[in-house]
Structures are given as C-alpha cells and as structure tokens.
Amino acid sequence: MSRTRVNATRRRLPVAQRRDEIVAAAQRLFGTRPTEDVTIEAIAAAAGASRALVYRYFGGKQQLYLHALLAAVDDLARVIEPPPGPPLSRLRFAVSGYLDFAERHAHGYVALVRGATHSAEAAEIVDRTRELIAELAFEGLELDRSQPRPRLLLVGWVAAAEAMTLHWLEHREIARDDLAKLLIENLLAVLPLPDQG
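Under the working numbering, the residues of the sequence shown are numbered -1 to 195, in order.
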C-alpha cells in the first residue's frame, strides 16, 4: 500500500480524541489476542493513526496496555456506582452496570480481567479494580467493616463474578438477566442481607 493511500485513511483529530481512539483500538486488540501478539503497528492501523503518534502519546506497548487497563477501570467505576437506596436495589444496579459494561466493552473487559497475568503494574490495576468492586459492595450492602468474614466472602464473590462473566461472554448459554440473577443469588447465598427488600 502506498504512503499516500495510508495517509488518506488517517484524519487529523484533536489530541484527546485521537488518544481515546488509540486506547479503544488497543482495548479491542488486547481483548482478542494475547498481549505479546499485539503490535504497535496493529494498534495504530486499527486506530487510523501513525505508529509514531502512538509512540509519541504512550511511549510503547506496555505503557499503552496499562493506559488501556486504567481507562477500562474508570469506565467500569462509573457504571457500577449505585444511587442511594435499599441495599438489594443497590446490588441489582451495580450488577446490572457491571454486566452492561462487560457486554458493551467485551474486549476491554476481557483485557482488564485477564490483565493481571501480564506484569506487576497490570496486576496492581486489576487488584485495585477488584478492591473497588468489593468496596462498593461493602458500602451498598451496608456490611459491618469490623468483621473480616464479609470482606473475604466479597473477594471470593468478585472472582466468581469475573469468571462467570467471562464464560458468559464467550458462550452465551443463558440470558443476561438470568446471569444477573445468578450473580445476586450467589452473593446473597454467602452474605445474606438482614433485610432483602
């Protein structure tokens, strides 16, 4: 392909928009391929940007990968923050938001959840995400922070929710609403609420 033709497919965008497009392209590619198989060239092509621009904005593949993970965490945090209300309503809202995020951003979700195996920095981001989810559940369910048992059970539930959601994204054996009910039932089986109204 000639240089003129490659440049014709690229368009000049504001810096923030171009960075967002590069991150979105990186999330798609990291979510569908092993990280070592994703190249800066492939990300640049998917984003309609030059390889040099990707390096300029992100420094390299590892930095871009971490940036893509952080962007996914920010997006997830926004959609699972429940409004005030009864604990069970807050739980339903958060689980629905979690599944909405996983479904709408399947590539980013897969990259986020599987990211812990790629580097210490990625593992830290994924661990912070899990802690964020557990903390939101603690607050939303109004659990007693002085007891270690609820936190341990929440950590286990978050891991189960991740595994179940990944499996669901790949196989779609049940409806999304059925998965949401199953996740809620799973949590309430190990951490029953005093008032489940």
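Because the hints were derived from the structure by calculation, they are not lab data.
Remember, predicted model here, so these are calculated numbers, not experimental data.
Just so you know, even glycine gets a beta-carbon here, dropped at the ideal spot from N, CA and C.
Check each hint, because a few of them may be wrong.
As the list claims (entries may be wrong) - Straight-line C-alpha distance at most 16 Å; calculated EDC-like pairs for lysine to aspartate or glutamate:
| no. | residue 1 | residue 2 |
| --- | --- | --- |
| 1 | Lys179 | Glu160 |
| 2 | Lys59 | Glu34 |
| 3 | Lys179 | Asp98 |
| 4 | Lys59 | Asp35 |
| 5 | Lys59 | Asp98 |
| 6 | Lys59 | Glu39 |
Said to hold, decoys possible - Distance ranges between label pairs, derived from CB positions:
| no. | residue 1 | residue 2 | range |
| --- | --- | --- | --- |
| 7 | Gly57 | Gln145 | 29 to 39 Å |
| 8 | Leu164 | Ala44 | 14 to 24 Å |
| 9 | Arg76 | Ala158 | 30 to 40 Å |
| 10 | Glu140 | Gly57 | 40 to 50 Å |
| 11 | Arg54 | Arg143 | 44 to 54 Å |
| 12 | Glu183 | Gly58 | 39 to 49 Å |
Handout entry: Status of the given 29 to 39 Å range, CB of Gln145 versus CB of Gly57
Key = Distance hint for Gly57, Gln145 is violated at roughly 44 Å.
Handout entry: Pair hint outcome, Lys59 versus Glu34 [Cα-Cα no greater than 16 Å]
Key = Answer holds: Lys59 to Glu34 is near 10 Å, not above 16 Å.
Problem - Pairwise hint evaluation, Glu39 against Lys59, where the allowed Cα distance is 16 Å at most - result: Holds, because 10 Å separates the two Cα atoms, which is no more than 16 Å.
Problem - Outcome of range test on Cβ distance (Arg76, Ala158; 30 to 40 Å) - result: violated, 23 Å
Problem - Cβ separation of Glu140 and Gly57, checked against the hinted range 40 to 50 Å - result: holds, 43 Å
Handout entry: Agreement of Lys179 and Glu160 with the hint, judged by alpha carbon distance not exceeding 16 Å
Key = holds, 15 Å
Problem - Straight-line alpha-carbon gap Lys179 to Asp98, limit 16 Å - result: holds, 14 Å
Practice task
Please work out if Lys59 and Asp98 have their alpha carbons no farther apart than 16 Å.
Solution key: violated, 28 Å
Problem - Range hint 39 to 49 Å (beta carbons of Glu183 and Gly58) holds or violated - result: holds, 44 Å
Problem - Hint consistency between Lys59 and Asp35 [alpha-carbon to alpha-carbon, up to 16 Å] - result: Roughly 11 Å separates the two Cα atoms, so the pair holds.
Exercise for the section: Take a look at whether the Cβ-Cβ distance between Leu164 and Ala44 falls inside 14 to 24 Å. Expected result: Given about 23 Å between the Cβ atoms, the range holds.
Problem - Distance restraint evaluation - Arg54, Arg143, Cβ atoms, bounds 44 to 54 Å - result: Hint holds: Cβ distance 45 Å, inside 44 to 54 Å.
In the structure shown, a violation is registered for the earlier hints numbered 5, 7, 9, in ascending order.
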